[in-house]
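Enquirer: Sequence:
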Amino acid sequence: MNAPTYHGERTAHLNTAGTGRMPDGVRAVLADCTALDDRFGPAALEERLGEVLHTQVHERLGGLLGVPAGDTVLAAGAAEAFEAFVSAAALGPRDRIWTTPHEGVDRLTALHALRDRTRCRLEVVPLRADGDLDLDWMRAHLDEDVALVSVVHVSSACGTVNPVEEIGRLLAPHRARYAVDASHSVGQVPVDAARIGCHLLTADGWRFLRGPEGVGFAYVAPGAWECLPQPPAPAAVAALHAALVHHAAARPPSEDLPARLRAAVERTPGLELLAAGREQAGILAFRHGEIPAAVIRKGLARRGVVVWKTVAHENPLHPAGQDAAPALRASVHHDNTAQDIDRFERALADVLREERQAAAPAPAPAPAEGALAVAGASRAAGFGQPSPHRPRPVRRRGHLTLHRAT
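Residue 448, in the working numbering, is where the sequence shown stops; the numbers in between run on with no holes.
Watch out, some of these pointers could steer you wrong.
Said to hold, decoys possible - DMTMM-like, lysine to aspartate or glutamate: derived pairs with alpha carbons at most 25 angstroms apart: (1) K340 x E396; (2) K340 x E207; (3) K340 x E356; (4) K351 x E88; (5) K340 x E321; (6) K351 x E314; (7) K351 x E332; (8) K340 x D384; (9) K340 x E314; (10) K351 x E93; (11) K351 x E396; (12) K351 x E255; (13) K351 x D384; (14) K340 x D377; (15) K340 x E397; (16) K351 x E321; (17) K351 x E122; (18) K351 x E308; (19) K351 x E397; (20) K351 x D298; (21) K340 x D392; (22) K351 x D392; (23) K351 x E387; (24) K340 x E308; (25) K340 x E387.
To be verified - Computed Cβ-Cβ distance ranges for the label pairs, DEER-style: (26) A401 x A86: 55 to 65 angstroms; (27) R398 x D172: 31 to 41 angstroms; (28) D176 x A401: 52 to 62 angstroms; (29) P368 x R344: 49 to 59 angstroms; (30) R309 x E207: 29 to 39 angstroms; (31) G92 x E208: 36 to 46 angstroms.
No lab work stands behind these hints: they were computed from the structure. Keep in mind that this is a model prediction, so the values were computed, not measured. In this text, a Cβ means the ideal position worked out from N, Cα and C, and glycines have one as well.
Build out the structure end to end from the sequences listed, making use of the hints.
Expert: So, in structure tokens, the structure goes:
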């Protein structure tokens, strides 16, 4: 695709985990279908796209996820699909739901609503010291009261790859329904819902698949769920199909871009890399000890480098958000290059140097000749000192600090 440029250079888009850049062909399909819908109405568009909407896109999704095409459904997004399925779950006060610290706020909201409706218990699987999920804890606490287990495949907080297949084998002999959020893994790492052994797998189309916003999908195991989500707009489905075709034909990068990205962050003084477990995908979170994340993000944007600023409420249970301090998240995809990472590192160094210089106190001007004696006399007379009759000015906080409730 023809990427945006900055001062004649290609924009380094390192935010595919937030929103992927649509290829030109995908954007053209979306524009054409939207124009047809606007002119002739959705019925005419659906008639024209019948084979794509009802057959071809599901065949593509089935091949992508390793499942039968008939077990895939479309939705406005992963969160909408998950909410639709769990809203009909028949649980009771004795049932338990497991989630993890990697869970995003949208799925947590749906799980809290399910808990409030059914009076079941919601438990969080702990992390080990190395940042991985504690599977030993899961083995020790798993029984037939566990009715639903929700796990994120790749964490949006910091790129941790969770062992979803191992968890599937652990849960297989038990009654628990197993739901996997693949929003940040589909299109980035291989996803095989059959090997995972899950009953529900949801994903967005606009991240690493680089489709349009407003369309997602799910794999639903036969007989596992009864409620279906609202379907997305036909134009978005057609564009998703085009994105799936484009993704299948794309070649992986010749270099290990995630490792190159990590090395760039580790080489930059003052940056703290947020721990992400033993296995990590192409998503990296970091922060600076002194310079706010928003300032760094804006400085990078001025230099044609796009990253994401995270806030604690996006992943409220994750250790990276415990102190409520915003961080930065960079993500790479097969359309990125080694030059993008090099440009990111140079731009980052420039931003940090610029901010340190701006924060440095300006040197005091040298006093004019003959002024030294006057200054000495003024100090002796007490001029320029705080008056004993006037209170010292109160230093006020320049921001509002929010504390997590415990």
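Enquirer: None of the hints should be skipped; say for each whether it holds.
Expert: Going through the hints against the structure:
no.	hint	result
1	K340 x E396	holds, 12 angstroms
2	K340 x E207	violated, 39 angstroms
3	K340 x E356	holds, 20 angstroms
4	K351 x E88	violated, 38 angstroms
5	K340 x E321	violated, 30 angstroms
6	K351 x E314	holds, 15 angstroms
7	K351 x E332	holds, 15 angstroms
8	K340 x D384	holds, 18 angstroms
9	K340 x E314	holds, 19 angstroms
10	K351 x E93	violated, 40 angstroms
11	K351 x E396	holds, 19 angstroms
12	K351 x E255	holds, 19 angstroms
13	K351 x D384	holds, 20 angstroms
14	K340 x D377	holds, 23 angstroms
15	K340 x E397	holds, 12 angstroms
16	K351 x E321	holds, 22 angstroms
17	K351 x E122	holds, 24 angstroms
18	K351 x E308	holds, 18 angstroms
19	K351 x E397	holds, 17 angstroms
20	K351 x D298	holds, 24 angstroms
21	K340 x D392	holds, 12 angstroms
22	K351 x D392	holds, 18 angstroms
23	K351 x E387	holds, 17 angstroms
24	K340 x E308	holds, 21 angstroms
25	K340 x E387	holds, 15 angstroms
26	A401 x A86: 55 to 65 angstroms	holds, 60 angstroms
27	R398 x D172: 31 to 41 angstroms	holds, 33 angstroms
28	D176 x A401: 52 to 62 angstroms	violated, 41 angstroms
29	P368 x R344: 49 to 59 angstroms	violated, 18 angstroms
30	R309 x E207: 29 to 39 angstroms	holds, 34 angstroms
31	G92 x E208: 36 to 46 angstroms	holds, 41 angstroms
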